[in-house]
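Participant: Chains as they are written, first to last, in numbering that gives the first Met the number 0: chain A, 0 to 154; chain B, 0 to 151.
If you're looking for bench data, these hints aren't it; they were derived computationally from the structure. Keep in mind that a hint or two might mislead.
Unchecked claim - Selected chain A positions facing chain B (Cβ under 7 Å, derived; list incomplete):
(1) 18
(2) 113
(3) 137
As the list claims (entries may be wrong) - Each computed DMTMM-like pair below joins lysine to aspartate or glutamate, with the alpha-carbon atoms no more than 25 Å apart:
(4) A/2 <-> B/98
(5) B/123 <-> A/3
(6) B/81 <-> A/75
(7) B/2 <-> B/104
(8) B/81 <-> A/3
(9) A/53 <-> B/82
(10) B/57 <-> A/98
(11) A/82 <-> B/56
(12) B/81 <-> A/83
(13) B/2 <-> A/104
(14) B/81 <-> B/98
(15) B/81 <-> A/78
(16) B/81 <-> A/85
(17) B/57 <-> A/99
(18) B/57 <-> A/108
(19) A/82 <-> B/108
(20) A/81 <-> B/108
(21) A/2 <-> B/104
(22) B/53 <-> A/104
(23) A/53 <-> B/129
(24) B/53 <-> B/83
(25) A/53 <-> A/12
(26) A/81 <-> B/146
(27) A/81 <-> B/102
(28) A/20 <-> A/120
(29) A/58 <-> B/98
(30) A/2 <-> B/146
(31) A/58 <-> B/37
(32) B/2 <-> A/123
(33) B/20 <-> B/37
(34) A/82 <-> B/82
(35) A/20 <-> B/99
(36) A/2 <-> B/108
As the list claims (entries may be wrong) - Each pair of labels, with its calculated beta carbon distance range:
(37) B/138 <-> A/51: 27 to 37 Å
(38) A/84 <-> B/31: 31 to 41 Å
(39) B/32 <-> A/125: 20 to 30 Å
(40) A/29 <-> B/98: 16 to 26 Å
In this text, a Cβ means the ideal position worked out from N, Cα and C, and glycines have one as well.
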Amino acid sequence: MNKEGVILIAEDDEGHFELIKRSLQRAGVCNEILRFADGQETLDFLFVRGDGAKREHDKEYLLLLDIRMPKIDGMEVLEKVKKDPELKKIPVVMLTTTDDPRTIDRCHDLGCSVYIVKPVEYQDFAEAVRKVGLLLSVVEVPQIDGMPKTKGAVK
Amino acid sequence: MNKEAVILIAEDDPGHVALVKRNLWRSCIENDILQFKDGQEILDFLFRRGSRAKREEKAFYLLLLDIRMPRLDGQEVLRQMKEDEELRKIPVIILTTTDEASEVDRYYEMGCSFYMIKPADYNKFMESVENLGVFLSLEGVRVPQIDGAGHS
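My request is simple: use the sequences and hints to build the entire structure.
Facilitator: Below, the structure written as structure tokens:
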């Protein structure tokens, strides 16, 4: 992933977010990291809506997405992102405590890049995220142009 | 990754296949690895056609896909897989020497999971594959079970 690329983390648990951020940095990932506390915030950013921070044009993004979040959950975010002809290019890494075959199946059907179950132990979780960081350091991520082509979730 | 998942490698260069396998093993990947030397072979396997080995039902797969291959190229393989309602769930990681931005864009649009460039430098190539292997060896990585025959 290019140095200018931005890593988006949609995670309602602040402790988990801090751990993810630190572990990525430990893996040598020095990209900008943005946090979203729920699905609504994530979609507002991506679809360039609302008063919060907004996505910039011609930038690389990658999304780490939790499933269980308030307001709009991760599955719905994934669905909206993958239905938009432009946003669908963003690689989405599901990072969740949900270890259910139907959810795993559904997320791959919707088009997530990879699905990772969060380990319960703190150390294992940190190590898992560090390994995600190693992967991110060797993959290419596309630039996302202009406006989304669809309106996404308007609520 | 789920231990029962099988890693499929579609790559025509035997040297690259050997290097990828070696480095996946070095990162403690315990999964079975199957190799295919062109796009036709991998599609025959996935769509359960022809006389060679065929995909098993209810199995778990992940595909490492080269782009430039004889007969059918990686782009066509990815296109046909993503058009099939069952096979589309298989995560596909592109491993290629092509580094044009427009290609990266196109493959993500078609639904690849990740796009990785094989570095020309041997040691860097090894390092990249090892990083990929370390990631795939993560216990929490889950790939879906693929049912029955291809639908298309």
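Participant: Evaluate each hint against the coordinates.
Facilitator: A quick look at each hint next to the structure:
Against a cut-off of 7 Å between C-beta atoms, the interface hint on residue 18 of chain A is violated, since the closest Cβ of chain B lies about 14 Å away. Annotation: residue 113 of chain A was flagged as interfacial toward chain B, and the flag holds, the nearest CB pair being 6 Å apart, inside 7 Å. Hint status for residue 137 of chain A: holds, given a least beta-carbon distance of 4 Å to chain B, under 7 Å. The straight-line distance between the Cα atoms of residue 2 of chain A and residue 98 of chain B is roughly 16 Å, inside the 25 Å bound, and the hint therefore holds.
For the given pair, residue 123 of chain B sits about 21 Å from residue 3 of chain A by alpha-carbon distance, which is consistent with the 25 Å threshold. In summary, the hint linking residue 81 of chain B to residue 75 of chain A is supported, as the alpha carbons are separated by about 21 Å, within the 25 Å threshold. Straight-line distance between C-alpha atoms of residue 2 of chain B and residue 104 of chain B comes to about 32 Å, which puts the hinted pair past the 25 Å bound. As the CA atoms of residue 81 of chain B and residue 3 of chain A are separated by approximately 30 Å, the hinted pair breaks the 25 Å bound.
At roughly 33 Å between alpha-carbon atoms, residue 53 of chain A and residue 82 of chain B are farther apart than 25 Å, so this suggested pair is violated. Pair hint residue 57 of chain B plus residue 98 of chain A holds up; C-alpha atoms about 18 Å apart against a cutoff of 25 Å. As the CA atoms of residue 82 of chain A and residue 56 of chain B are separated by approximately 29 Å, the hinted pair breaks the 25 Å bound. At roughly 16 Å between alpha-carbon atoms, residue 81 of chain B and residue 83 of chain A fall within 25 Å of each other, so this suggested pair holds.
Distance restraint check for residue 2 of chain B and residue 104 of chain A: the Cα-Cα separation of roughly 17 Å lies within the 25 Å cut-off, and the hinted pair is therefore satisfied. Only pairs whose Cα atoms come within 25 Å are accepted, and residue 81 of chain B paired with residue 98 of chain B is accepted, the gap being roughly 22 Å. Restraint check for residue 81 of chain B and residue 78 of chain A: the C-alpha separation of about 16 Å stays at or below 25 Å, so the hint holds. For the hint linking residue 81 of chain B to residue 85 of chain A, the alpha-carbon distance of about 17 Å falls within 25 Å, and the restraint holds.
At most 25 Å may separate the alpha-carbon atoms for a hinted pair to count; residue 57 of chain B and residue 99 of chain A meet this at roughly 16 Å. At roughly 15 Å between alpha-carbon atoms, residue 57 of chain B and residue 108 of chain A fall within 25 Å of each other, so this suggested pair holds. For the hint linking residue 82 of chain A to residue 108 of chain B, the alpha-carbon distance of about 11 Å falls within 25 Å, and the restraint holds. About 10 Å separates the Cα atoms of residue 81 of chain A and residue 108 of chain B, which keeps this hinted pair within 25 Å; it holds.
Of the pairs offered as hints, the one joining residue 2 of chain A and residue 104 of chain B holds, with about 17 Å between alpha carbons and a cut-off of 25 Å not exceeded. Taking the CA atoms of residue 53 of chain B and residue 104 of chain A, the gap is about 22 Å. The hint holds against a cut of 25 Å. Using a Cα cut-off of 25 Å, the hinted pair residue 53 of chain A and residue 129 of chain B is violated, with the two alpha carbons roughly 35 Å apart. For the proposed pair residue 53 of chain B and residue 83 of chain B, the alpha carbon gap of about 16 Å is at most 25 Å, so the pair holds.
Restraint check for residue 53 of chain A and residue 12 of chain A: satisfied, since their Cα atoms lie roughly 22 Å apart, inside the 25 Å limit. Restraint check for residue 81 of chain A and residue 146 of chain B: the C-alpha separation of about 23 Å stays at or below 25 Å, so the hint holds. Note on residue 81 of chain A and residue 102 of chain B: the hinted pairing holds, with a Cα-Cα distance of about 19 Å set against a maximum of 25 Å. For the given pair, residue 20 of chain A sits about 17 Å from residue 120 of chain A by alpha-carbon distance, which is consistent with the 25 Å threshold.
Under the criterion of a C-alpha separation no larger than 25 Å, the hint pairing residue 58 of chain A with residue 98 of chain B is consistent with the structure, at around 17 Å. Simply put, residue 2 of chain A and residue 146 of chain B have alpha-carbon atoms about 39 Å apart, too far for the 25 Å limit, and the pair is violated. With a C-alpha separation of about 34 Å, the suggested pairing of residue 58 of chain A with residue 37 of chain B is violated against the 25 Å cut-off. Restraint check for residue 2 of chain B and residue 123 of chain A: satisfied, since their Cα atoms lie roughly 18 Å apart, inside the 25 Å limit.
Between residue 20 of chain B and residue 37 of chain B the CA atoms are separated by roughly 17 Å; this keeps the pair inside 25 Å, and the hint holds. This hinted pair checks out: residue 82 of chain A and residue 82 of chain B have alpha carbons roughly 15 Å apart, not beyond 25 Å. As the CA atoms of residue 20 of chain A and residue 99 of chain B are separated by approximately 30 Å, the hinted pair breaks the 25 Å bound. Distance restraint check for residue 2 of chain A and residue 108 of chain B: the Cα-Cα separation of roughly 22 Å lies within the 25 Å cut-off, and the hinted pair is therefore satisfied.
About 35 Å separates the C-beta atoms of residue 138 of chain B and residue 51 of chain A, a value consistent with the hinted range of 27 to 37 Å. With their beta carbons about 36 Å apart, residue 84 of chain A and residue 31 of chain B fall inside the hinted range of 31 to 41 Å. In this structure the hint that residue 32 of chain B and residue 125 of chain A lie 20 to 30 Å apart at CB holds, the actual value being about 29 Å. Checking the proposed 16 to 26 Å range against residue 29 of chain A and residue 98 of chain B shows it holds: the Cβ atoms sit about 21 Å from each other.
When held up to the earlier numbered hints, the structure conflicts with 1, 7, 8, 9, 11, 23, 30, 31, 35 and fits the remainder.
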